[in-house]
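Trainee: Chains as they are written, first to last, in the numbering used here: chain X, 1 to 212; chain D, 1 to 398.
These aren't lab readings, by the way, just hints derived from the structure by calculation. Please read these numbers as outputs of a predicted model, since none were measured by experiment. Every residue, glycine too, gets a C-beta built ideally from N, C-alpha and C. Worth double-checking, as some hints may not be accurate.
Below, in silico cross-link-like pairs of lysine-lysine (DSSO-like), each with a Cα-Cα straight-line distance of 30 Å or less [claimed, not checked]:
(1) X:K29 to D:K61
(2) D:K326 to X:K7
(3) X:K132 to X:K29
Simulated restraints, written as ranges between beta carbons of each label pair [claimed, not checked]:
(4) X:G10 to D:A338: 26 to 36 Å
(5) X:L95 to D:E386: 53 to 63 Å
(6) X:K29 to D:V56: 27 to 37 Å
(7) X:R18 to D:I300: 16 to 26 Å
(8) X:A20 to D:A362: 53 to 63 Å
(9) X:K29 to D:L279: 51 to 61 Å
(10) X:R96 to D:R71: 34 to 44 Å
(11) D:G15 to X:R96: 55 to 65 Å
(12) D:F63 to X:K29: 29 to 39 Å
(13) X:T131 to D:Y317: 50 to 60 Å
Which chain D residues stay away from chain X? Per the calculated CB distances, all over 12 Å, these [what the hints assert, rightly or not]:
(14) R41
(15) G59
(16) V109
(17) D115
(18) L191
(19) F192
(20) V237
(21) G299
(22) V304
(23) W307
(24) G361
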Amino acid sequence: MFNALRKGFGLTFRTMFRPAATTQYPDVKREVQPRFHGRHVLNRYSDGLEKCVGCELCAWACPADAIYVRGADNTPDERFSPGERFGIDYQINYLRCIFCGLCIEACPTRALTMTHEYELSGDSREELIFTKEQLLAPLPAGAKPPPHTDTEVVARGFAYYEGDAAQEPTRGWRTTDQGGQAQSSGDPVTVDIGGGRTEPPSHPEHAQRNGR
Amino acid sequence: MDLVDVAITFAVALGAFALWLVGTALLIWGERRVIALMQTRVGPNRLGPFGLLQTVADGAKLFFKEDIAPRNIDRFVYLGAPFVSATVALVTFAVIPYGGTFQVSGREVTLQVWDPNIGMLWILAMSSLGVYGIFLAGWSSGSKYPLLGGVRSSAQLISYELAMGLSLAAVFIYAGTLQASQIVANQQIPLFELGPIAVPAWHVVPMLPAFVIFFLTSVAETQRPPFDLPEAEGELVAGFHTEYSGAKFAMFFLAEFMNVITFSAVMVTLFFGGPSGPLFGPGWLQALLPTVYFIAKVGIFLFVFIWLRGTLPRMRYDRLMDLGWKVLLPLGLFWVLATGFAVVLRTSTDQGTVLRIAGVGAGVALLLYLAAPLLARRPRRDTQPEPEPEPKFPTPSR
Numbered sequence: 001m002f003n004a005l006r007k008g009f010g011l012t013f014r015t016m017f018r019p020a021a022t023t024q025y026p027d028v029k030r031e032v033q034p035r036f037h038g039r040h041v042l043n044r045y046s047d048g049l050e051k052c053v054g055c056e057l058c059a060w061a062c063p064a065d066a067i068y069v070r071g072a073d074n075t076p077d078e079r080f081s082p083g084e085r086f087g088i089d090y091q092i093n094y095l096r097c098i099f100c101g102l103c104i105e106a107c108p109t110r111a112l113t114m115t116h117e118y119e120l121s122g123d124s125r126e127e128l129i130f131t132k133e134q135l136l137a138p139l140p141a142g143a144k145p146p147p148h149t150d151t152e153v154v155a156r157g158f159a160y161y162e163g164d165a166a167q168e169p170t171r172g173w174r175t176t177d178q179g180g181q182a183q184s185s186g187d188p189v190t191v192d193i194g195g196g197r198t199e200p201p202s203h204p205e206h207a208q209r210n211g212r
Numbered sequence: 001m002d003l004v005d006v007a008i009t010f011a012v013a014l015g016a017f018a019l020w021l022v023g024t025a026l027l028i029w030g031e032r033r034v035i036a037l038m039q040t041r042v043g044p045n046r047l048g049p050f051g052l053l054q055t056v057a058d059g060a061k062l063f064f065k066e067d068i069a070p071r072n073i074d075r076f077v078y079l080g081a082p083f084v085s086a087t088v089a090l091v092t093f094a095v096i097p098y099g100g101t102f103q104v105s106g107r108e109v110t111l112q113v114w115d116p117n118i119g120m121l122w123i124l125a126m127s128s129l130g131v132y133g134i135f136l137a138g139w140s141s142g143s144k145y146p147l148l149g150g151v152r153s154s155a156q157l158i159s160y161e162l163a164m165g166l167s168l169a170a171v172f173i174y175a176g177t178l179q180a181s182q183i184v185a186n187q188q189i190p191l192f193e194l195g196p197i198a199v200p201a202w203h204v205v206p207m208l209p210a211f212v213i214f215f216l217t218s219v220a221e222t223q224r225p226p227f228d229l230p231e232a233e234g235e236l237v238a239g240f241h242t243e244y245s246g247a248k249f250a251m252f253f254l255a256e257f258m259n260v261i262t263f264s265a266v267m268v269t270l271f272f273g274g275p276s277g278p279l280f281g282p283g284w285l286q287a288l289l290p291t292v293y294f295i296a297k298v299g300i301f302l303f304v305f306i307w308l309r310g311t312l313p314r315m316r317y318d319r320l321m322d323l324g325w326k327v328l329l330p331l332g333l334f335w336v337l338a339t340g341f342a343v344v345l346r347t348s349t350d351q352g353t354v355l356r357i358a359g360v361g362a363g364v365a366l367l368l369y370l371a372a373p374l375l376a377r378r379p380r381r382d383t384q385p386e387p388e389p390e391p392k393f394p395t396p397s398r
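Let's have the full structure, built from the sequences with the hints guiding it.
Mentor: Shown next as structure tokens:
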């Protein structure tokens, strides 16, 4: 009995002098794992164009129905993405999101990735429905904010879907863009985004935007 | 008895009050910190230096919380129970000397609120009264869990009070007095000299079994782990104070932790020489040192209380009762007898007669012990096990 008591009480006593496993969280933040599922980011190409083509595959993949996407057509004068269409509205509801990452797997252009940011709390529902402005990655250095004209885009001569102008997806949210590194395979077929191939705007929203 | 006397009495009472209240706040903080250390955590460390103000913040929060009372309570008793607990906890420490004696304007001041000749009986009486606070709280809450918690705690407290009383009785027989100051004074005579150091005759040396019994029972009386069954959260939500919130809960909480300090102080007083210790230095230091010794000794026991909580899992209820009734109570009885025998033998002039009477007594006891199994009717035990009942579940008809 006494040996058991000695062992038990000795253990707790010795533990008192061991360093605590606690991280002083708000003061010290622990590095998360590289593939951590944090809040989302809508990536850009290095010239500033958005990667999102408004295909809504992420919204379809989402098991929690947390994503809302509406696509719209690019026009020769106002081009937001290298594709035919772009996401004119993009919202993620972080009250519903379960951070499963199926949207990331669904995204055909690697437009949607997840960052390392996990501090997602808010006082209201509105605060936790992130809009496209909040989700878009910051502009790479020297890039021009979209919309670009087709002339500009063609002049750059990038084959976007072959890895030109691709960027490493943003990890840490507020880190400056590292840029440059080509994306590995897995992207869909290259389309010629040269002038004249995009269809004329037909969506009423689009017309309204152009009229403005 | 003039104004100065009254002022001194008030000052001493206030000193005790401050010591115990501050001690309680520090104990709650210290318990959380020490337990955290034992679990490789940090504990409260954000409010004030080392998180010292955390208890203050928690207390303030509790007192400003909404006062919720369930509908089917016995209102009078429900509201009164926390006061019983808190008042009892607050008056218990009155008889404990917490410092030395010094001169103030030509008067002798002893840092002890009250020194009646019934002394330590006051402690026993008040700790028994504490049961009422707990039991009335459990009964008046009008719901099942508090009732069960209340029943458990009163059963536990009453069982362990017996053994505690016996262990104290042994000390009283040995010391020949109930007065706290006398008990402390008795422990200051040197037991033996070790060169220049005089080892004081603390009661823990001759009364070691009584100390062990008292320590175990005081853990049970204060309902600390591993004997915290009245509020076993896995079984009874929070036990007797499940239906209490806000300031009323705070009173129970305060009483609980204050009792821990009081029982540690009783242990120090009875077994570890109270506030005594080597005195040196100038006059003011000599006046202060006993209080420092007292706080240090109590602090060690408080640490042991916390250490127990950090190490031991909660006991099963039947084992708790077994320990109280089958181990501590007989041990206490035996020790009271042994102490009484020793004291009588020491003081009597005719030691031969005492020894002869004791021998006859021991012989009779031995005979009874051997004969008890033959005399007691054994409970009938069926050797045949009950036949398995036929399965009653519906079977498909053929």
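Trainee: Taking C-beta pairs only, is F192 (chain D) more than 12 Å away from all of chain X?
Mentor: 27 Å, holds
Trainee: Is 51 to 61 Å respected by the C-beta to C-beta distance linking K29 (chain X) and L279 (chain D)?
Mentor: 53 Å, holds
Trainee: For K29 (chain X) and K61 (chain D), compute the direct alpha-carbon distance and say whether it is at most 30 Å.
Mentor: OK: K29 (chain X) and K61 (chain D) at ~29 Å, within 30 Å.
Trainee: Is the Cβ of G299 (chain D) more than 12 Å away from each Cβ in chain X?
Mentor: Its Cβ never comes within 12 Å of chain X, the nearest being 15 Å, so this holds.
Trainee: Examine each Cβ of chain X, and state whether all of them lie more than 12 Å from the Cβ of L191 (chain D).
Mentor: Non-interface label on L191 (chain D) holds, nearest chain X Cβ at 26 Å vs cutoff 12 Å.
Trainee: Does the Cβ distance between R18 (chain X) and I300 (chain D) fall inside 16 to 26 Å?
Mentor: The hint (16 to 26 Å, Cβ to Cβ) holds, given that R18 (chain X) and I300 (chain D) are roughly 22 Å apart.
Trainee: A range of 29 to 39 Å was offered for this pair. Does it hold for the Cβ distance of F63 (chain D) and K29 (chain X)?
Mentor: 35 Å, holds
Trainee: Mind checking the hinted window 34 to 44 Å against the Cβ distance between R96 (chain X) and R71 (chain D)?
Mentor: 38 Å, holds
Trainee: Verify the CB-CB distance for T131 (chain X) and Y317 (chain D) against the hinted window 50 to 60 Å.
Mentor: Given a distance of about 58 Å, which is inside 50 to 60 Å, the answer is holds.
Trainee: State, for the Cβ atoms of L95 (chain X) and E386 (chain D), whether the hinted interval 53 to 63 Å holds or is violated.
Mentor: 58 Å Cβ-Cβ, so the 53 to 63 Å window holds.
Trainee: Is the Cβ of R41 (chain D) more than 12 Å away from each Cβ in chain X?
Mentor: 5 Å, violated
Trainee: Below or equal to 30 Å on CA atoms is what counts here, so check K132 (chain X) against K29 (chain X).
Mentor: Measuring from Cα to Cα gives roughly 27 Å; hence the hint holds.
In summary, the structure is inconsistent with hints 14, 22 and 23 from the numbered list given earlier, while agreeing with the others.
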